[in-house]
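Participant: Throw the hints in and build the complete structure from the sequences for me.
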Amino acid sequence: MDNATSNSIIHDLRRINLISGKGGVGRTTLAAALARASAAEGKKTLLLEIEDDSGWDSALAKSFGRKHFQIEPELLEKNLYGISLSAVVGQERFLQSFLRLKSLTDLVMGNQGVKWFLEGAPAFKEMGVFFHLLLQMRSDFDTLILDLPATGHFVGLARLPELLLKMIPFGPIAERLREGQKFLYDRANSAVWIVTLPQPLPVSEAIELRTVLQNESLPFGGFILNRAPFNPFTEQEEELLEGLSRKSPAGKLLVDLERIRRFRESRVRLKDALVAGTDRGAVWIAPESLRPDQELLLSRKLKKVEC
Amino acid sequence: MLKDALLEKRCLMVCGGGGVGKTTVAASLAVAAARVRKRVLVVTIDPAKRLLQAFGFSDALLQEGGAPLALSGEVLARLGLPADAGLSVAILNPKWVLDRIVSQSLGPGQGTKLKETVIYREMGQMIHGLQEYTAYEWVTRMLTDDEYDLIVLDTPPAFHAKEFFNAPAKIRNLMESRVFQIFIPSGSSWIPSLLTFGWVEKLLGERIYRESRMFFETFTALRDRIIARCGKLSEFFSQRDVSVVVVGTPESTPILELEGLIGFLEEKRIPIEAVVMNQVEVPSGFERESWASEVSPGVLEKLDEMKLHQDAKADRAFESIQRVKARHPGREWVEFPMVYSLDGFEILRQNSEKMKN
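Protein chains in written order, with the numbering used here: chain A, 1 to 307; chain B, 308 to 664.
If you're looking for bench data, these hints aren't it; they were derived computationally from the structure.
A portion of the hints provided could be inaccurate.
As the list claims (entries may be wrong) - What follows is a list of derived Cβ distance ranges for each label pair: (1) B:Thr527 / A:Lys182: 36 to 42 Å; (2) B:Ala633 / A:Lys62: 19 to 25 Å; (3) B:Gln417 / A:Lys44: 52 to 58 Å; (4) B:Gly363 / A:Leu165: 39 to 45 Å; (5) B:Asp548 / A:Lys44: 55 to 61 Å; (6) B:Ala619 / A:His11: 44 to 50 Å; (7) A:Ala188 / B:Glu608: 45 to 51 Å; (8) A:Val212 / B:Gly363: 22 to 28 Å.
Said to hold, decoys possible - Selected chain B positions facing chain A (in silico; Cβ < 10 Å): (9) Gly328; (10) Glu564; (11) Gly567; (12) Glu588; (13) Val589.
Backbone N, C-alpha and C define an ideal beta-carbon position, used for all residues, glycine too.
Facilitator: Quick look at the structure:
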């Protein structure tokens, strides 16, 4: 193996990868890029997203020339499949595995009252998505890459079992929750990746999120610092330019030099956070690309920060 | 015009996808409004409490539940506001609002019983639309109490901004659904069949079944009130003095989301006051002549290259804004630049200045 490939993020991926990050950090683009790279390595890869009942086009599916993914794995490119995890499908499959009878399942699921209940009632929606995810985790895919939704806090899928088991400690639902938990908490086979931007607030949020993962004993893969600015300068040159810039009549850094400084600070903060933590992991840098078609090659350009 | 809205409206809701800077925009709007109106309140549901941080409140105050906090004279000055400006900030805690509703609607005994069920305790996180519902409930009350001339609402982070507007209908559907009868077998519903199969209990386990029953039995008393409220909420936007400010950024995915949101609001006939394009990249400030004598030719060449990159980014942002504007003629657009070097107060001050014109 040459140096370039052994330093590729692809070799750090686990079987199950949850890609998380706040809205606007480029999470979806990275998930697509990682999935493509994994498939190119010859791994049978499944790219998952969580259905969005708003009826809007999916940005993830769009990068594969589709409006939406299907509710079953669908071949997108060589070795690469896509799926949209759906609450209703998960609920149906679960009920069916429990009731055995399709007709009874249809009767229950077809009822408007039940529909409204499942849509709005405590946690049933998440539970449905979770069961649908569980079915995929049981499958024979070599790599799973899940683009997590951008909701504010990470009370996401990985933490759902914990919450629900408090209320439903026994029975068939609990059994499946525990099975799913086993997949997600398995350090050798799962990891959460945190995508962030080289700005103070997103970096703080990424570090906080990692603390949450650590407290929850969820395996952490690494930080992906996205949209690193174009920077041709050596560190000495950066210092020199910042000094000169501050002496200028405006007394302020040029906007592009300021970006470079913010990036440097972000990288240092993430690295320090890694050292302070108990779990391993790395910081990966993804450069910004000016053209959308370059984004597809992103995974090859990811660079690991030496710690 | 946004300028007039800041002077005349009673409520502006700031909506947009995740990461577009809703909180900064809401704060900037509030600062701009505080120049022309006496009593302005900006409210957030963001659990990260960024809004309070943006106004320089210390961590000690971040724990507050409901009561608005007025900005100090020092902060007002840094924002370029006169010393007698009336600008307050509040963090909406959905749990706190819900507890108040429960206390007002149920007797103390029943209220406590309800609050003790696991379902109620975890409810805020689990019922879709509940956070949003409490925001409406709270804003409606604040408008009725007439303590503020204008309320700027920073809507909660959600999977999609649209969920905020669908929340009342969702909650109403849930409240009206026959699910209550699933857990209350004495009801004269045709659903008891679900219970007589006995599998609901088997499926959910004894504890959750028992708790659910207690929850639903007690909660029933609240239903009527919530259903009535939700009815009123659908009229919320037909009020002339309420409108929406939509926020987006010129990146490809956020633009997709922004246009979806505009289309959705148009379809629902919810008035859009203006569209704010946030985090717009600006051209590099690099001028070769003034640096030529300061640095080596090698560094100068690198600076040229850096400028090319930044200018290309600015061009790309400009073009995508032009395209999206052309698709939505007749709308008012406001652009806030991407800033890296300013402190928070300076950003809010400069943004709010922009809204004067």
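Participant: Next, verify each hint and record whether it holds.
Facilitator: Taking the hints in turn, this is what the structure says about them:
no. : hint                            : result
1   : B:Thr527 / A:Lys182: 36 to 42 Å : 38 Å, holds
2   : B:Ala633 / A:Lys62: 19 to 25 Å  : 21 Å, holds
3   : B:Gln417 / A:Lys44: 52 to 58 Å  : 56 Å, holds
4   : B:Gly363 / A:Leu165: 39 to 45 Å : 41 Å, holds
5   : B:Asp548 / A:Lys44: 55 to 61 Å  : 57 Å, holds
6   : B:Ala619 / A:His11: 44 to 50 Å  : 33 Å, violated
7   : A:Ala188 / B:Glu608: 45 to 51 Å : 49 Å, holds
8   : A:Val212 / B:Gly363: 22 to 28 Å : 26 Å, holds
9   : Gly328                          : 9 Å, holds
10  : Glu564                          : 7 Å, holds
11  : Gly567                          : 4 Å, holds
12  : Glu588                          : 8 Å, holds
13  : Val589                          : 6 Å, holds
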